[in-house]
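Colleague: Chains as they are written, first to last, in the working numbering: chain A, 499 to 699; chain W, 499 to 699.
It is possible that some hints are incorrect.
The calculated DSS-like cross-link candidates involving lysine-lysine, where the alpha carbons are at most 30 Å apart (straight line), are [as the list claims (entries may be wrong)]:
1) W:K542 x W:K511
2) W:K542 x A:K698
3) W:K571 x W:K511
4) A:K698 x W:K571
5) W:K634 x W:K571
6) W:K552 x W:K571
7) A:K552 x W:K634
8) W:K698 x A:K643
9) A:K511 x A:K552
10) W:K542 x W:K552
11) A:K542 x A:K552
Cβ pair distances, simulated, as ranges [what the hints assert, rightly or not]:
12) W:Q533 x A:Q533: 16 to 24 Å
13) A:Q533 x W:A637: 39 to 47 Å
14) A:T601 x W:A637: 27 to 35 Å
15) W:T651 x A:Y546: 54 to 62 Å
16) A:S580 x W:D677: 42 to 50 Å
17) W:Q533 x A:Q544: 26 to 34 Å
18) A:D569 x W:E618: 35 to 43 Å
19) A:E629 x W:K542: 44 to 52 Å
Quick caveat, the hints were computed from the structure, so don't treat them as lab data. For glycine and all other residues, C-beta sits at the position ideal for the given N, C-alpha and C.
Number of protein chains: 2
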Amino acid sequence: MRLESSRGEATRKRIIRAAADLFHQQGVSATSPNQIIEASNTGKSQFYHYFGSKEGLVHAVLQYYIQAVRDGKAFVQFDVESWEGLEEWFHAQARLQERYSMTRGCPFGTIANEVTAYDELPRQDLVLLFEVVRNKLAAFFLREKTQGHLLSTADENALADFCIAVIQGGMLMGKTRRDGNTVDGVIDQALAYLQSLRRKA
Amino acid sequence: MRLESSRGEATRKRIIRAAADLFHQQGVSATSPNQIIEASNTGKSQFYHYFGSKEGLVHAVLQYYIQAVRDGKAFVQFDVESWEGLEEWFHAQARLQERYSMTRGCPFGTIANEVTAYDELPRQDLVLLFEVVRNKLAAFFLREKTQGHLLSTADENALADFCIAVIQGGMLMGKTRRDGNTVDGVIDQALAYLQSLRRKA
Chain A
499 MRLESSRGEA TRKRIIRAAA DLFHQQGVSA TSPNQIIEAS NTGKSQFYHY FGSKEGLVHA
559 VLQYYIQAVR DGKAFVQFDV ESWEGLEEWF HAQARLQERY SMTRGCPFGT IANEVTAYDE
619 LPRQDLVLLF EVVRNKLAAF FLREKTQGHL LSTADENALA DFCIAVIQGG MLMGKTRRDG
679 NTVDGVIDQA LAYLQSLRRK A
Chain W
499 MRLESSRGEA TRKRIIRAAA DLFHQQGVSA TSPNQIIEAS NTGKSQFYHY FGSKEGLVHA
559 VLQYYIQAVR DGKAFVQFDV ESWEGLEEWF HAQARLQERY SMTRGCPFGT IANEVTAYDE
619 LPRQDLVLLF EVVRNKLAAF FLREKTQGHL LSTADENALA DFCIAVIQGG MLMGKTRRDG
679 NTVDGVIDQA LAYLQSLRRK A
């Protein structure tokens with residue numbers, strides 16, 4: 499029994515990972531259940547048994563991302579502890595893009611872009627995903643502010659949103675141009691701004 | 499003959515506008531030729547006569563956007579003449595999003611997000627579109643720098659890319675959260691940075 503259910507869990511995870519990769523590569527709308535079934539080397543009955551529909555799988559992929567960010571096991575370290583860590587957070591995402599020869603954007607943003615007025619469940623998943631990311635970045639800025647290392651007028655949540663927006667937009671432009679320098683240049687501007695808010699002890 | 503061809507041109511434009519609206523609302527992949535034909539109140543034969551395929555129509559929509567930006571007839575004024583004009587450029591895009599109850603992102607970015615490794619023609623269209631936008635914004639920063647109103651070390655192209663990235667990312671987050679305050683907050687941070695580079699005469 500135990501073996502059976504852990505095998506089921508492995509199959510479920512394999513489908514989620516294959517779907518996440520295809521959504522990242524080509525988007526949600528462009529990905530069919532058959533493509534996911536083939537890429538994950540599973541069967542149609544398993545796909546529908548575990549997820550019910552493509553919508554159910556999109557939800558599962560986003561929940562998987564949320565858990566990975568919470569657990570510090572995502573493709574990027576979201577728990578920022580220092581200014582070097584903040585730089586690393588930006589650059590790790592640019593490196594992820596390089597790994598795919600600049601043909602993909604942010605895995606979260608690619609899905610978020612396709613959300614329409616009718617997709618309330620994935621939208622809520624994405625709101626939560628961005629919230630978890632925002633809170634982790636904001637915690638860094640709040641600590642810096644509390645210790646007097648950041649301007650006392652700085653709004654930690656606004657700065658965290660700014661970081662997310664810059665990396666989303668930068669990766670979108672980098673993917674369009676297939677050019678890593680675009681992303682790096684945008685990150686440099688954002689870091690110059692954030693550094694300008696620092697207070698030297 | 500004259501009437502005939504101007505009627506043809508009107509039909510062609512009607513299809514382009516209907517497609518641009520549907521792509522903006524739900525993305526390219528999620529939009530079928532039949533939806534465009536219905537929304538534009540045209541026929542299948544006209545659709546294929548003018549555009550050959552959905553790919554041909556995506557190309558036409560992007561060329562239409564490029565021309566609109568060049569001609570100063572886009573939904574936003576890209577010819578920035580002053581710092582007030584720059585603020586207006588940011589806020590006009592946030593207002594466009596409000597007009598759709600925060601359910602849509604940037605019309606250019608929504609298409610750019612769907613570009614994959616295999617979509618070379620729309621990608622080139624988008625590269626040109628972002629180039630035209632970038633050059634218009636960069637011209638403002640260059641004039642300011644030349645007149646001594648902006649730090650001489652500022653890179654006008656990098657600043658222009660930064661503006662585009664911020665608005666792309668901000669609108670993506672605003673659409674996800676259905677929240678205009680997110681976009682406004684991100685714009686405020688970007689403007690605070692840009693203003694910090696000004697040199698008072």
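Colleague: Would you mind confirming whether the straight-line C-alpha gap from K542 (chain A) to K552 (chain A) stays at or under 30 Å?
Modeller: holds, 12 Å
Colleague: Confirm or reject the claim that T651 (chain W) and Y546 (chain A) have a C-beta distance inside 54 to 62 Å.
Modeller: holds, 59 Å
Colleague: Between the beta carbons of Q533 (chain A) and A637 (chain W), is the distance compatible with 39 to 47 Å?
Modeller: holds, 44 Å
Colleague: Does the Cβ-Cβ separation between S580 (chain A) and D677 (chain W) fall within 42 to 50 Å?
Modeller: At roughly 30 Å between Cβ atoms, D677 (chain W) and S580 (chain A) fall outside 42 to 50 Å, so the hint is violated.
Colleague: Does K571 (chain W) lie within 30 Å of K552 (chain W) when you go C-alpha to C-alpha?
Modeller: With Cα atoms ~25 Å apart, K552 (chain W) and K571 (chain W) stay inside 30 Å; holds.
Colleague: Is the hinted pair K542 (chain W) and K511 (chain W) satisfied, with a Cα-Cα distance of at most 30 Å?
Modeller: holds, 15 Å
Colleague: When you take the CB atoms of Q533 (chain W) and Q544 (chain A), is the distance between them in 26 to 34 Å?
Modeller: holds, 32 Å
Colleague: When you check the alpha-carbon spacing of K571 (chain W) and K511 (chain W), does it fall within 30 Å?
Modeller: Since the Cα atoms of K571 (chain W) and K511 (chain W) sit roughly 15 Å apart, the hinted pair holds (cutoff 30 Å).
Colleague: Between D569 (chain A) and E618 (chain W), does the C-beta distance stay in 35 to 43 Å?
Modeller: Holds - the Cβ-Cβ distance for D569 (chain A) and E618 (chain W), about 38 Å, lies within 35 to 43 Å.
Colleague: Starting from the hint 27 to 35 Å, judge whether the C-beta atoms of T601 (chain A) and A637 (chain W) obey it.
Modeller: holds, 31 Å
Colleague: Measure nothing beyond the straight line between the CA atoms of K634 (chain W) and K571 (chain W); if it is 30 Å or shorter, mark the hint as holding.
Modeller: holds, 14 Å
Colleague: Do the alpha carbons of K698 (chain A) and K571 (chain W) lie within 30 Å of each other, as the hint requires?
Modeller: violated, 47 Å
Comparing the model with each earlier hint shows violations of hints 2, 4, 7, 16; every other hint is respected.
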